[in-house]
Amino acid sequence: MEEYNSGDELYLCVFQCIEGVIGGTDYNQSKVNQWTASIVEQSLAHLVKQGRPLKYMVNCTIMQKSGAGLHTANSCYWDTTTDGCCTVRWENRTMYCVVSVFVVALAL
Amino acid sequence: MANMDDDLADETVFVVEDVRKVVKESIEVTIGDNAYQQNRVNQWTTNVVEQSLSQLSKLGKPFKYIVTCVIMQKTGAGVQSASACFWDNTTDGNCSVTWENKSMYCIVSVFGLAI
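Listed in order, the protein sequences are those of chains R and A. Taking my numbering, I'd label the letters of the first sequence as residues 1 to 108. Taking my numbering, I'd label the letters of the second sequence as residues 109 to 223.
Simulated from the structure, these hints should not be mistaken for lab results. Idealized CB from N, CA, C, for every residue including glycine. A portion of the hints provided could be inaccurate.
[As the list claims (entries may be wrong)] BS3-like cross-link-like pairs, simulated, lysine-lysine; straight-line CA separation at most 27 Å: (1) A:169 - A:129; (2) R:65 - R:31; (3) A:129 - A:210; (4) R:55 - A:129; (5) A:210 - A:182; (6) A:169 - A:132; (7) A:132 - A:166; (8) A:169 - A:210; (9) A:132 - A:210; (10) A:210 - R:65; (11) A:182 - R:65; (12) R:31 - A:182; (13) R:55 - A:166; (14) R:55 - A:169; (15) A:129 - A:182.
[As the list claims (entries may be wrong)] Facing chain R, according to a computed beta carbon distance under 7 Å, are these residues of chain A, among others: (16) 149; (17) 161; (18) 165; (19) 178; (20) 179; (21) 183; (22) 187; (23) 188; (24) 192; (25) 195; (26) 219.
[What the hints assert, rightly or not] Pulled from the structure, derived: some chain R residues nowhere near chain A, Cβ distances all over 12 Å: (27) 19; (28) 20; (29) 27; (30) 60; (31) 90; (32) 93.
Okay, chain R solo, but in the shape it has when bound:
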């Protein structure tokens, strides 16, 4: 059974996707829908291209900076020897972006 790819590689891949979509932009309510969709789709495409026998779930949340508190948690019921997750936190002057990737091996 294949293990999920190393954390660093995954982190870098996702970070670059985020930079590519929202790097250098300010929070814009009319575009944020498009941004989250692009980030998850691009991240997923990169992961799938690796051609491993794995299932992926990519979740992206973008929040405007306004002093509000935001808290996220996740819990997983899976095979701890083969499955895993990675969370990337990114921010600029006007918004926060949190992307979580969950990788699950196919049971053979």
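Chain R is already provided as a structure; the job is to place chain A on it using the hints.
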């Protein structure tokens, strides 16, 4: 015979309604009418995901589950969330529940993957 086949099919398919019920109950029980409190929110998100997960595993289906919970204080800020999944469309699924009270939003997403 037809009924037995349906039951068998149900066993390995993600049923959104069952999951939605489990999640709503977990949120109600954990947060209920509480107002947003920074020093408690850590515990709330943990409890919501753990409670949801244990109730889901009690359903006894051959599934792996991933539960995420986001709690956000209401201050007029905008927030957007999206997810994309690469899996088996016939058996896997997800369910998102958005709940709110006067002072905060709670968004819980459950992803279920058939083994």
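Evaluated hints:
no.: 1; hint: A:169 - A:129; result: holds, 16 Å
no.: 2; hint: R:65 - R:31; result: holds, 16 Å
no.: 3; hint: A:129 - A:210; result: holds, 22 Å
no.: 4; hint: R:55 - A:129; result: holds, 26 Å
no.: 5; hint: A:210 - A:182; result: holds, 8 Å
no.: 6; hint: A:169 - A:132; result: holds, 19 Å
no.: 7; hint: A:132 - A:166; result: holds, 16 Å
no.: 8; hint: A:169 - A:210; result: violated, 36 Å
no.: 9; hint: A:132 - A:210; result: holds, 17 Å
no.: 10; hint: A:210 - R:65; result: holds, 20 Å
no.: 11; hint: A:182 - R:65; result: holds, 12 Å
no.: 12; hint: R:31 - A:182; result: holds, 21 Å
no.: 13; hint: R:55 - A:166; result: holds, 23 Å
no.: 14; hint: R:55 - A:169; result: holds, 18 Å
no.: 15; hint: A:129 - A:182; result: holds, 24 Å
no.: 16; hint: 149; result: holds, 5 Å
no.: 17; hint: 161; result: holds, 5 Å
no.: 18; hint: 165; result: holds, 6 Å
no.: 19; hint: 178; result: holds, 5 Å
no.: 20; hint: 179; result: holds, 5 Å
no.: 21; hint: 183; result: holds, 4 Å
no.: 22; hint: 187; result: holds, 4 Å
no.: 23; hint: 188; result: holds, 4 Å
no.: 24; hint: 192; result: holds, 4 Å
no.: 25; hint: 195; result: holds, 4 Å
no.: 26; hint: 219; result: holds, 5 Å
no.: 27; hint: 19; result: holds, 17 Å
no.: 28; hint: 20; result: holds, 16 Å
no.: 29; hint: 27; result: violated, 7 Å
no.: 30; hint: 60; result: violated, 5 Å
no.: 31; hint: 90; result: holds, 14 Å
no.: 32; hint: 93; result: holds, 14 Å
This entry does not satisfy hints 8, 29 and 30, going by the numbered hints stated previously.
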